[in-house]
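In case you want the letters, here they are:
Protein chains: 2
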Amino acid sequence: MNFFSSLSFLTDFHLLATAENSEAESGSLVLAGVLLSLVIIHFASKLGGEICSRINLPPVLGELVGGVLVGVSAFKLLVFPEAGCTAEDSLIITFLQSTAGLTTEASSNIFAAQSEVISLLSELGVIILLFEIGLESDLKELIRVGPLAAIVAVVGVIAPFATGTAGLVYLFGVPVIPAVFAGAALTATSIGITAKVLAELGQLSSKEGQIIIGAAVLDDVLGIVVLAVVASLVKTGEIQITNVIFLIVSAGAFLIGSIVIGRFISPYFVGLVNEMKTRGQVLLTALIFAFAISYIATAIQLEAILGAFAAGLVLAETEKRKELEEQVIPLADFLVPIFFVCVGAKTDVSVLNPTVPSNREGLIIATFLIVVAILGKVITGFTVFGQANLNKLAIGVGMIPRGEVGLVFAGVGSASGALSEATEAAIIMMVIVTTFVAPPLLRLVFKEPETTLQPVTSSSLEGASTEPLKEDS
Amino acid sequence: MNFFSSLSFLTDFHLLATAENSEAESGSLVLAGVLLSLVIIHFASKLGGEICSRINLPPVLGELVGGVLVGVSAFKLLVFPEAGCTAEDSLIITFLQSTAGLTTEASSNIFAAQSEVISLLSELGVIILLFEIGLESDLKELIRVGPLAAIVAVVGVIAPFATGTAGLVYLFGVPVIPAVFAGAALTATSIGITAKVLAELGQLSSKEGQIIIGAAVLDDVLGIVVLAVVASLVKTGEIQITNVIFLIVSAGAFLIGSIVIGRFISPYFVGLVNEMKTRGQVLLTALIFAFAISYIATAIQLEAILGAFAAGLVLAETEKRKELEEQVIPLADFLVPIFFVCVGAKTDVSVLNPTVPSNREGLIIATFLIVVAILGKVITGFTVFGQANLNKLAIGVGMIPRGEVGLVFAGVGSASGALSEATEAAIIMMVIVTTFVAPPLLRLVFKEPETTLQPVTSSSLEGASTEPLKEDS
Chain A
1384 MNFFSSLSFL TDFHLLATAE NSEAESGSLV LAGVLLSLVI IHFASKLGGE ICSRINLPPV
1444 LGELVGGVLV GVSAFKLLVF PEAGCTAEDS LIITFLQSTA GLTTEASSNI FAAQSEVISL
1504 LSELGVIILL FEIGLESDLK ELIRVGPLAA IVAVVGVIAP FATGTAGLVY LFGVPVIPAV
1564 FAGAALTATS IGITAKVLAE LGQLSSKEGQ IIIGAAVLDD VLGIVVLAVV ASLVKTGEIQ
1624 ITNVIFLIVS AGAFLIGSIV IGRFISPYFV GLVNEMKTRG QVLLTALIFA FAISYIATAI
1684 QLEAILGAFA AGLVLAETEK RKELEEQVIP LADFLVPIFF VCVGAKTDVS VLNPTVPSNR
1744 EGLIIATFLI VVAILGKVIT GFTVFGQANL NKLAIGVGMI PRGEVGLVFA GVGSASGALS
1804 EATEAAIIMM VIVTTFVAPP LLRLVFKEPE TTLQPVTSSS LEGASTEPLK EDS
Chain B
1384 MNFFSSLSFL TDFHLLATAE NSEAESGSLV LAGVLLSLVI IHFASKLGGE ICSRINLPPV
1444 LGELVGGVLV GVSAFKLLVF PEAGCTAEDS LIITFLQSTA GLTTEASSNI FAAQSEVISL
1504 LSELGVIILL FEIGLESDLK ELIRVGPLAA IVAVVGVIAP FATGTAGLVY LFGVPVIPAV
1564 FAGAALTATS IGITAKVLAE LGQLSSKEGQ IIIGAAVLDD VLGIVVLAVV ASLVKTGEIQ
1624 ITNVIFLIVS AGAFLIGSIV IGRFISPYFV GLVNEMKTRG QVLLTALIFA FAISYIATAI
1684 QLEAILGAFA AGLVLAETEK RKELEEQVIP LADFLVPIFF VCVGAKTDVS VLNPTVPSNR
1744 EGLIIATFLI VVAILGKVIT GFTVFGQANL NKLAIGVGMI PRGEVGLVFA GVGSASGALS
1804 EATEAAIIMM VIVTTFVAPP LLRLVFKEPE TTLQPVTSSS LEGASTEPLK EDS
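If you read the sequences in order, they're chains A and B. Note that my numbering has the first sequence beginning at 1384, numbered continuously upward. Note that my numbering has the second sequence beginning at 1384, numbered continuously upward.
Among these hints, one or two may not hold up.
Identical chains blur together in the list; that is why a pair holds if it fits in one copy or across any two.
Only pairs whose alpha carbons sit at most 35 Å apart, straight line, appear in this in silico DSBU-like list of lysine-lysine [as the list claims (entries may be wrong)]:
1) LYS1705 <-> LYS1523
2) LYS1523 <-> LYS1459
3) LYS1775 <-> LYS1830
4) LYS1775 <-> LYS1459
The set of hints was computed from the structure by calculation and includes no laboratory data. Keep in mind it's a predicted model, so treat the numbers as computed, not measured.
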């Protein structure tokens, strides 16, 4: 009979070196590690965000840079096993050893558990971010701009892929397979970073903003398809057509289905919530819905964030939108910075260092990739036809950041063994530069906002919303 | 060179069975498991809470019962490795296998990671709960009732410990060491459960409420000391006086120190927050403070929740209290139910089944322990002297639930090998009964609220706050 369901449960309850209690002790140290990580993450995110907002840069850039500073590239407070780091590399683990009685033997387990928890919190962060973006988006407007967004997305995949792959093969003599991988990495768009900057600028509900969001969502779907195609090409030398068709059909069915079914369900959501008497009924009922759809998205091989975005879109149509938005904000404030700081912390910017000889070949290829990456997306804005008053440059710039999606491509390529070190490094550099350059560029091209369609609903997401106004006064 | 910091990072980005991608795939499945767990947890908590609030029972009881239903005792959706469960026992894992392509080989890793993340979210839940309780508490009132709370806490430790241990030895012939363990388990008080019920009743800021909270906090400290004493007694046959003194001194220094230093720092908190321009400045600055203090508490072998409570108390003194309370609510609504559902899910109520012969001896001992557990705490209320208008019964009843703290005692006792199966089961039964009986009892004894000192500040924490009023009308 084992009734002891709770040994590591109230695990913060630990003892002075009683061997019997090692399970509880280790749980307690995981909690200590997570608490310390959260202090570091939120401190870095607030410090970076505040500095950036003072020098008129988007706060999210500060969160990314704050992440780089605490991460694998600089202070190594927050490092992750996926980057090849071990417990010895983590300053948090060293700190736990010197302050909380962590033993060297237990370190690697604690490090693994703490990294797992922080990674998952960061994934919940981007899920909540996309849910919030969905809530702030206007489904009707998205459908209206849908065809334009589709053109932007498709051109934004084909143009950089074709130019990048061909250029690498013909200009740099890179073999076809790694060139295809690098080309595929060029197709990605980080919806998280772009959406956050748009929200900070109060441009999320503008027509440009909605085209960018719509195109970025479609790009996410296209990215999954491209990745599947490239990966199967590398693995088997041919494209598994059935997989590709399955992905495209399931993605389409999912996006349309969740919105259609969601709109059918949403009146019941309002009715149910109105009947409920316990605290947090609006937020939690909405989150149950959002997490369930996100689960379905993950189960059918799509991204969880697509599900969260669809859930937000559907619930934005209900009369509870305002209340829900207000309640999601503190949760987003807590979870979303974990995502951005982790993106920064996981990025190894040492590949950018030209004094390391082995970086130089990569730097040359990277320069080419960066030019293709930026131009290949910037031109997408100008494919939008028949729209006189549109900031077309802004649309293209909005598609630039590759962010975490680009890193996933690089990671899959690396794991496949198809990439040379220089090509690998070049892809990482391209991802870093496009990610960090996009937020200030976006602010620049939106400098003189022509129209802000729904400033009220978008204002709640704005980080330094009052800043541009302050400047003018 | 390993730059691939992000393989499992945007891990929801997974592929159709590409072997290269197994790390990303596994991360994606952990996310899927966590999303599913959260859907189940929040659904169980809302369903249980709503049913209880309709039949005039505290919603938190519903969350606990909801947890029991989804947990190890019933549907086994949410089970934990600490309870001896494996991936095969978890219906979530089975569901992932049939819907999300989880392989049998990968199941145990996914199960371990998902359990780790959910356990940690539940610990963050109780930390946020105690932070919120601290925010709702009144430091001056707590200091005023301090001596009364101290008497309640000390009597509430000595009375059940002495009666329980002596009774087991003389009435039931239990050997001394297991009897001391059972006696020690009787001393615990679950501050989380009591505080939540008080908040739901709008009694958190009443004099009785503040005495209970004060006594429960002191009881937590005493509990750690008692556990350390008992554990060292079992291990070495003697009491390690230095450890005990270290614990008492560090606990005292921590509680007093964090409040004194916190009050010194808090004006700077307000100044800093007023200077900040990015979103979530009040909440995040407060959480950085709370998590840092919680970390210190864990590092010096205390509980993290004591740190969170102290941080809440200090920040409640600042002018940002109201704003902070409002922003903490959605975060608490999301995290706190995870704690209560997990408490329920981890409790194996099958020990209560009298048709199983091996349970019967335990049931007899348990009956004795339950009587001692309830009476030993109820009398504490009547030790409060010189207070005419006080609901003394309510104070005693407020100290009854053993909750997670009692389970930790049982777990440590089990791990030490000192307990017989019957004694072990009896302790678990005592914990279950006191935990589940306390919320309705508390509501009963508070039925006719005599005075509610600060109904406004306490109302935000109330779950079914309007219910008693509705009844009267």
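Exercise. Given identical chains, is LYS1775 near LYS1830, meaning Cα to Cα at most 35 Å, within a copy, between copies, both, or neither?
Worked result: Within one copy only: 14 Å inside, 65 Å across.
Exercise. When no copy is named, should LYS1523 and LYS1459 be tagged within, between, both, or neither for a Cα gap of at most 35 Å?
Worked result: neither (45 Å within a copy, 42 Å between copies)
Problem set entry | Within, between, both or neither: LYS1705, LYS1523 at alpha-carbon 35 Å | within (17 Å within a copy, 37 Å between copies)
Problem set entry | Copy assignment of LYS1775 with LYS1459, given that the CA separation must stay at most 35 Å | neither (40 Å within a copy, 54 Å between copies)
Going through the hint list in order, the structure does not satisfy hints 2 and 4.
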